[in-house]
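Protein chains in written order, with the working numbering: chain B, 17 to 256; chain U, 17 to 256; chain X, 17 to 256; chain V, 17 to 256.
Note that these hints are calculated values from the structure, not bench results. None of the values given here were measured: they were computed from a predicted structure. Quick reminder that beta carbons are idealized off the backbone N, C-alpha and C, glycines included. Keep in mind that the hints are not guaranteed to be accurate.
[Claimed, not checked] Some, not all, of what chain B presents toward chain U, calculated at C-beta under 7 Å: (1) V42; (2) G65; (3) P72; (4) W122; (5) T209.
[Claimed, not checked] In silico contact screen, one side only, chain U against chain B (beta carbon under 7 Å); selected entries: (6) Y26; (7) V70; (8) A82; (9) T118; (10) H120; (11) W122; (12) T177; (13) P180.
4 protein chains.
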Amino acid sequence: MPATLIGNGYGKSAVRLVTVRRGPDVHELKDVTVAIHLEGDFLSAYTDGDNSQVLPTDTMKNTVYALAADHPIQEIEDFGLLLSDHFLRASPPAASARIEMTEHLWERLDPHAFRRAGGETRTAVVTRTRESVAVTAGIEDLVVMKTSKSAFEGFPRDRYTTLPETSDRLLATSVTATWKYAGSDLPFGDRWTEVRRRLLEAFMEHDSRSVQQTLYAMGEAALETADVEEIRLLSSTLGS
Amino acid sequence: MPATLIGNGYGKSAVRLVTVRRGPDVHELKDVTVAIHLEGDFLSAYTDGDNSQVLPTDTMKNTVYALAADHPIQEIEDFGLLLSDHFLRASPPAASARIEMTEHLWERLDPHAFRRAGGETRTAVVTRTRESVAVTAGIEDLVVMKTSKSAFEGFPRDRYTTLPETSDRLLATSVTATWKYAGSDLPFGDRWTEVRRRLLEAFMEHDSRSVQQTLYAMGEAALETADVEEIRLLSSTLGS
Amino acid sequence: MPATLIGNGYGKSAVRLVTVRRGPDVHELKDVTVAIHLEGDFLSAYTDGDNSQVLPTDTMKNTVYALAADHPIQEIEDFGLLLSDHFLRASPPAASARIEMTEHLWERLDPHAFRRAGGETRTAVVTRTRESVAVTAGIEDLVVMKTSKSAFEGFPRDRYTTLPETSDRLLATSVTATWKYAGSDLPFGDRWTEVRRRLLEAFMEHDSRSVQQTLYAMGEAALETADVEEIRLLSSTLGS
Amino acid sequence: MPATLIGNGYGKSAVRLVTVRRGPDVHELKDVTVAIHLEGDFLSAYTDGDNSQVLPTDTMKNTVYALAADHPIQEIEDFGLLLSDHFLRASPPAASARIEMTEHLWERLDPHAFRRAGGETRTAVVTRTRESVAVTAGIEDLVVMKTSKSAFEGFPRDRYTTLPETSDRLLATSVTATWKYAGSDLPFGDRWTEVRRRLLEAFMEHDSRSVQQTLYAMGEAALETADVEEIRLLSSTLGS
Chain B
17 MPATLIGNGY
27 GKSAVRLVTV
37 RRGPDVHELK
47 DVTVAIHLEG
57 DFLSAYTDGD
67 NSQVLPTDTM
77 KNTVYALAAD
87 HPIQEIEDFG
97 LLLSDHFLRA
107 SPPAASARIE
117 MTEHLWERLD
127 PHAFRRAGGE
137 TRTAVVTRTR
147 ESVAVTAGIE
157 DLVVMKTSKS
167 AFEGFPRDRY
177 TTLPETSDRL
187 LATSVTATWK
197 YAGSDLPFGD
207 RWTEVRRRLL
217 EAFMEHDSRS
227 VQQTLYAMGE
237 AALETADVEE
247 IRLLSSTLGS
Chain U
17 MPATLIGNGY
27 GKSAVRLVTV
37 RRGPDVHELK
47 DVTVAIHLEG
57 DFLSAYTDGD
67 NSQVLPTDTM
77 KNTVYALAAD
87 HPIQEIEDFG
97 LLLSDHFLRA
107 SPPAASARIE
117 MTEHLWERLD
127 PHAFRRAGGE
137 TRTAVVTRTR
147 ESVAVTAGIE
157 DLVVMKTSKS
167 AFEGFPRDRY
177 TTLPETSDRL
187 LATSVTATWK
197 YAGSDLPFGD
207 RWTEVRRRLL
217 EAFMEHDSRS
227 VQQTLYAMGE
237 AALETADVEE
247 IRLLSSTLGS
Chain X
17 MPATLIGNGY
27 GKSAVRLVTV
37 RRGPDVHELK
47 DVTVAIHLEG
57 DFLSAYTDGD
67 NSQVLPTDTM
77 KNTVYALAAD
87 HPIQEIEDFG
97 LLLSDHFLRA
107 SPPAASARIE
117 MTEHLWERLD
127 PHAFRRAGGE
137 TRTAVVTRTR
147 ESVAVTAGIE
157 DLVVMKTSKS
167 AFEGFPRDRY
177 TTLPETSDRL
187 LATSVTATWK
197 YAGSDLPFGD
207 RWTEVRRRLL
217 EAFMEHDSRS
227 VQQTLYAMGE
237 AALETADVEE
247 IRLLSSTLGS
Chain V
17 MPATLIGNGY
27 GKSAVRLVTV
37 RRGPDVHELK
47 DVTVAIHLEG
57 DFLSAYTDGD
67 NSQVLPTDTM
77 KNTVYALAAD
87 HPIQEIEDFG
97 LLLSDHFLRA
107 SPPAASARIE
117 MTEHLWERLD
127 PHAFRRAGGE
137 TRTAVVTRTR
147 ESVAVTAGIE
157 DLVVMKTSKS
167 AFEGFPRDRY
177 TTLPETSDRL
187 LATSVTATWK
197 YAGSDLPFGD
207 RWTEVRRRLL
217 EAFMEHDSRS
227 VQQTLYAMGE
237 AALETADVEE
247 IRLLSSTLGS
């Protein structure tokens with residue numbers, strides 16, 4: 017048969033990994049997406065359904081988490097070197113291991129809080145009728161994380177509850193805020209900058225007992241800005 | 017203070033739920049994304065950090081899975097009615113519960129196999145130099161699922177392996193295939209249609225011992241098509 | 017210098033092309049995205065800024081439209097062969113031309129109307145308070161096109177108007193519909209199927225004088241369905 | 017008829033607008049997406065197909081560009097106020113006009129160059145065989161724009177060429193770079209930071225005669241970094 021079927025490899029993609037190294041004064045955050053691809057002589061698995069040499073992709077995912085726990089990530093290249101070495105040992109038929117990593121960059125806000133670089137936008141809506149005009153403004157997709165001063169305890173438990181109580185968890189959330197101005201002849205740029213600054217400061221400083229409570233504190237802080245009449249905050253929690 | 021902070025609700029979005037009802041002859045598949053939103057007097061949670069009335073969003077997610085297991089989904093509206101009733105009971109401060117559902121539609125291929133409606137595209141690449149020309153064609157994002165004849169057993173176990181062996185699992189995957197033609201003056205439309213049909217038939221009929229083995233069988237079937245010299249298949253498994 | 021800078025090519029991607037071949041009885045629709053990539057000795061352009069051999073990517077885009085007008089697309093592979101031949105002639109330094117095409121598949125509704133395969137979803141929202149319950153349902157992203165019986169004439173003109181009047185244009189739109197049911201104990205699946213069928217039939221049959229008028233006719237038809245109290249249609253026009 | 021059809025409005029969304037105000041020393045950049053929605057008594061258009069009161073959405077788009085040219089945007093709220101006022105005058109049946117704006121934020125690099133805030137990621141690929149290991153690194157989606165020192169002239173013209181020559185144009189592009197390291201035991205973080213800095217500096221300083229030439233200059237600059245053996249740059253031009 018002159019025809020050929022190409023593809024002697026397999027792997028696992030989109031393994032998302034967030035790690036925090038907790039130093040005495042400062043926390044270090046890494047947010048990485050990992051893909052693993054093995055190539056080699058897996059032909060018996062493809063043709064006979066013999067899985068005895070097929071390291072499950074689920075095991076690959078578990079391995080990424082386990083090695084990251086044992087060896088906190090500093091540079092993604094070094095972590096990739098470690099993983100590639102491990103997978104060649106763990107999979108005898110593999111001739112090569114390819115590790116692809118994408119690091120999502122976060123900017124430091126303070127020693128224990130971070131803002132995801134980029135993506136955030138400034139929004140505004142003007143609604144005018146024949147009689148009146150209303151101006152609202154907002155921030156979309158302000159992504160923030162705090163690695164200390166965040167607990168979630170004392171919630172009700174029923175038969176479907178499996179979440180453990182915790183006094184120390186990562187709080188990562190994407191915040192969208194919209195607020196209404198008291199007028200239509202205002203220094204809109206200055207106001208927007210001040211609301212944004214107040215939201216971030218409140219997030220950093222808040223001793224969080226729940227996401228809802230932190231959002232409320234952020235909203236209260238933003239309402240201190242002149243000419244801001246009303247504010248709504250929506251939060252989309254990151255992770256599962 | 018004339019200013020007000022709006023938002024007396026919270027919830028959980030993007031809960032993805034795939035259920036199969038296994039009848040004696042035919043399997044019924046439902047693929048639904050659910051969002052739950054409760055509104056009511058949650059002010060003490062927001063202001064005092066008192067979580068005693070805050071049903072965790074993690075519990076909401078678990079509840080969706082548990083109720084779907086007990087009451088197989090037929091119409092999403094009926095499932096929404098069930099969920100909304102449950103959450104008003106489970107959360108005393110909630111005045112209202114809003115359940116949003118999006119059903120992703122699958123077309124039946126046979127009693128135990130399905131194709132995700134839509135999204136699939138036909139692709140082609142022509143590469144010409146001053147001396148020669150090569151034509152490849154393909155299918156992108158052909159999403160298929162089988163609810164029987166799918167096992168994954170006999171794989172190697174190491175200390176990072178937690179995956180159980182199974183002789184009966186859902187196999188859902190997005191397949192991208194590209195193949196090379198033997199010439200440049202061919203009935204390209206007919207060939208494409210035949211390759212697509214052969215890929216789907218092989219998927220349906222295959223008694224799968226691994227995703228890799230099924231892909232290989234699909235590729236072998238497609239290579240029976242006239243003028244197809246070579247084929248590559250990439251598979252992106254759905255779910256975690 | 018041992019270091020090397022790779023990349024001796026350039027091109028244009030994401031050229032979207034929709035063509036209709038109007039037969040006496042039936043219209044044939046093709047919806048294709050094209051990318052062109054030339055490789056060759058473009059080094060003088062890179063190093064000296066000498067553009068005399070750099071066919072502009074804007075010209076590449078114009079060429080795709082012009083050749084499609086002269087040679088109606090039947091199979092994308094044949095169109096790619098034509099384009100690759102043209103670009104090697106038009107660009108003397110090019111050693112090879114690579115044409116990538118993705119065809120977005122449309123299903124025929126009638127001789128002059130089409131539905132974009134896939135992507136459409138079924139939605140539902142249940143809102144329950146302690147006293148009442150409301151059920152709405154919907155369709156998202158129902159993408160349809162008609163190639164006859166579509167005009168847009170008689171609109172107001174001001175100094176910013178450049179759109180010509182036309183009695184024969186493509187009408188392509190993505191429709192999202194949501195409707196409210198009269199009760200909560202209904203055969204929801206049957207109702208949804210009927211609303212969808214009525215929307216599509218009205219779209220096909222309507223002699224359109226504007227998108228708004230066609231949407232209104234679709235909504236009126238859907239309201240004939242039992243237990244449907246109220247309907248909203250949103251339309252997002254495709255193309256610029 | 018108890019049933020009702022809701023929706024007495026229409027509009028135009030996704031109008032993308034990039035403006036540059038050229039001061040004597042510094043250029044100011046605004047990048048905004050605008051949506052316009054009119055509500056009012058458009059019923060005759062919907063029921064009778066009478067378009068005499070339907071301002072075309074194409075005219076709405078043209079109006080956004082024309083008003084932005086006459087009134088350079090400083091704050092999006094002020095631009096929305098201007099647009100809403102215009103559209104209520106231009107459309108007598110409209111009772112209200114709603115203008116939604118999203119501003120995509122750019123960071124200043126120098127008086128005439130900008131970087132789009134966010135989205136950029138750091139990537140790495142480690143490929144290990146039983147005998148060797150290779151490390152590459154990269155930046156994805158580094159989006160930059162320069163508003164001076166950018167020309168495109170002297171290119172070949174054929175019958176499909178409509179692009180005018182220009183000695184002064186906006187050059188906006190999304191750059192993805194990948195480079196190969198000379199070893200696997202290197203200070204990877206420092207190297208990445210230096211490559212990124214060199215790419216940005218070369219972009220700012222380059223007197224561009226074409227995108228290709230600027231990319232080449234950026235690549236040459238990056239190759240000055242220690243331990244970088246080889247680099248590839250891909251550029252995806254923004255806009256049509």
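Can you name, in rising order, the numbers of the hints this structure does not satisfy? 1, 4, 5, 9, 10, 11 and 13
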